[in-house]
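Trainee: Chain by chain, the residues run as shown.
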Amino acid sequence: MANEPVKIGIAELKIASTPTSIITAGLGSCVGVCLWDPIVKIGGMVHIMLPDSKQARNIINKAKYADSGINLLFEELCKNGAQKHRLVAKIAGGAQMFNFPNIKEVMKIGERNVEAVKKELNLHRVNLLAEDIGGNYGRTIEFFTENGQLLIKSIHKGVKII
Amino acid sequence: MKDYLDLNEMQLDALKEISNIGAGNAATSLSIMLGRKIGLSVPKATLAPFAQIVEVVGGAEKEVAGGYLSVDGDTPMGILFLLSRDQVPSFLDLLFGAMITPIVNSQEDFMLNEIQESALKEIVNILAGSYLNALGVFTQHVFIPSVPALAIDMAGAILGEVLQSIGNVSDYALIIENMFCEEKKQISAYFFFLPEPQTLKILLNALGV
Chain B
1 MANEPVKIGI AELKIASTPT SIITAGLGSC VGVCLWDPIV KIGGMVHIML PDSKQARNII
61 NKAKYADSGI NLLFEELCKN GAQKHRLVAK IAGGAQMFNF PNIKEVMKIG ERNVEAVKKE
121 LNLHRVNLLA EDIGGNYGRT IEFFTENGQL LIKSIHKGVK II
Chain A
1 MKDYLDLNEM QLDALKEISN IGAGNAATSL SIMLGRKIGL SVPKATLAPF AQIVEVVGGA
61 EKEVAGGYLS VDGDTPMGIL FLLSRDQVPS FLDLLFGAMI TPIVNSQEDF MLNEIQESAL
121 KEIVNILAGS YLNALGVFTQ HVFIPSVPAL AIDMAGAILG EVLQSIGNVS DYALIIENMF
181 CEEKKQISAY FFFLPEPQTL KILLNALGV
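Note that the protein sequences, when read in sequence, are chains B and A.
Using the numbering used here, read the first sequence as starting at 1 and increasing by one per residue.
Using the numbering used here, read the second sequence as starting at 1 and increasing by one per residue.
Each hint can be trusted.
Taking lysine-lysine and the BS3-like style, the derived pairs with C-alpha atoms no more than 27 Å apart in a straight line are: (1) Lys-54(B) - Lys-201(A); (2) Lys-62(A) - Lys-7(B); (3) Lys-118(B) - Lys-14(B); (4) Lys-62(A) - Lys-160(B); (5) Lys-14(B) - Lys-62(A); (6) Lys-121(A) - Lys-157(B); (7) Lys-121(A) - Lys-108(B).
Which chain A residues face chain B? A few, computed with CB under 8 Å, are given here: (8) Phe-50; (9) Ala-51; (10) Gln-52; (11) Val-54; (12) Glu-63; (13) Tyr-68; (14) Ala-151; (15) Asp-153; (16) Ala-155; (17) Ala-157; (18) Ile-158; (19) Gly-160; (20) Glu-161; (21) Gln-164; (22) Gly-167; (23) Asn-168.
Hint data in this document are derived by calculation from the structure and do not stem from the laboratory.
Beta carbons: idealized from backbone N, C-alpha and C, even for Gly.
Model the full assembly from the supplied sequences, consistent with the hints where possible.
Mentor: Encoded structure:
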C-alpha cells in the first residue's frame, strides 16, 4: 500500500521517496517539473509559476521560478541521497487558459515557462524523458517515486500516464 | 508600499469598502440586465501565499467558469468573475430565457456555443465596467479594462494565470471577494478584485489612509 501522497501548491516544492507520490492540482500556465533518481527511487516536484527569477524584484520564494526552482529541486534531491547524473525529468503544464485577441508574445506565459524549464534542464544536462505541455486546459498531476511515472488528469481529456 | 504584508487593518478595511462600492454598482447593473434582484455579500479580503490563495475559489480542482480582465498602466489590477461550472446553464437561462441552453452531452459535461461564450464575456465586461467606474469616481482615477477572456476549467489553473503578473512582485496575493446571488435560481457568482502592490498605494492615497 502506498502512503498518503504529498501535495504541493502554486510556487511550492517538495521531495519524496518510494512509495510516496507527489501531487499538484490545477496546473494552468504553470509547469510541474518532476525529477527522479531511478536507483534510490527518490523524486521531487516543483510547481513553477514564472520563467525567470532575474526579472523579479525581490525573490524570497525560489520555487516560483523556472531557473531558481529547478536549481533548488536539484539541491534538495542531492542532499537527500539522489545522484545528479542519474536524475531524469518529466514535465507537464504550460497551457494558456485565457485566449485574448491579439495576444502579445510576452503574455504567452505558459509557452515561456516551458521554454525556460527546458533551457534550465538542458543546462543541468538532464534527460527530459516525457512531457505533456501546452493546450488551453488545466491539469492535475501525480508523480510516483516508485516507478517514475507521471499521471496527468484533465477535465475533458481524461487520464494519461507518461 | 512594498508588499501586501505592509497593509494595516484600517487600510485593508478601506480596500474592502471601495470594493464594496464597486461591487454595489456592478450588482445594480446585473440586476437591471437580468430584471431581477441581485444580492451582494459583505466583502472579504484574503491575503495568503500563492499556494493557499486557491482555497478562496474552492480548491484547485473545482470546475469553474472564469471571466478575466486586467487594467494596465500605472494602476495594474486584475478582475476575475467566477461562477461554479454547474451553475453556468442556469446563469445563461437567466440571460436568454429558457430558449438557449448549452449543448448538454451528459449531466456533468457540456460545451458552450459561441453566442453563449460571448454573452458570458459581455456580462463580465459590463460588471467590470460598472465596478471600475465606481472605483474611478471614488479615487479620481480612470481605470481602463482590457477585453475580457473566458475559460471554463479547474479553478487553480485559471487563478494561476491571473496571479502571474502579481507573481513577479510578490510571494503573496491579495484578493478582495464579493459574492452576487440571485435567490430564486440560487445562483451565486464571485467577483474578485486583485490590485497589484503599486496600485494599492494609489488607491490608499486617494482614500487618505
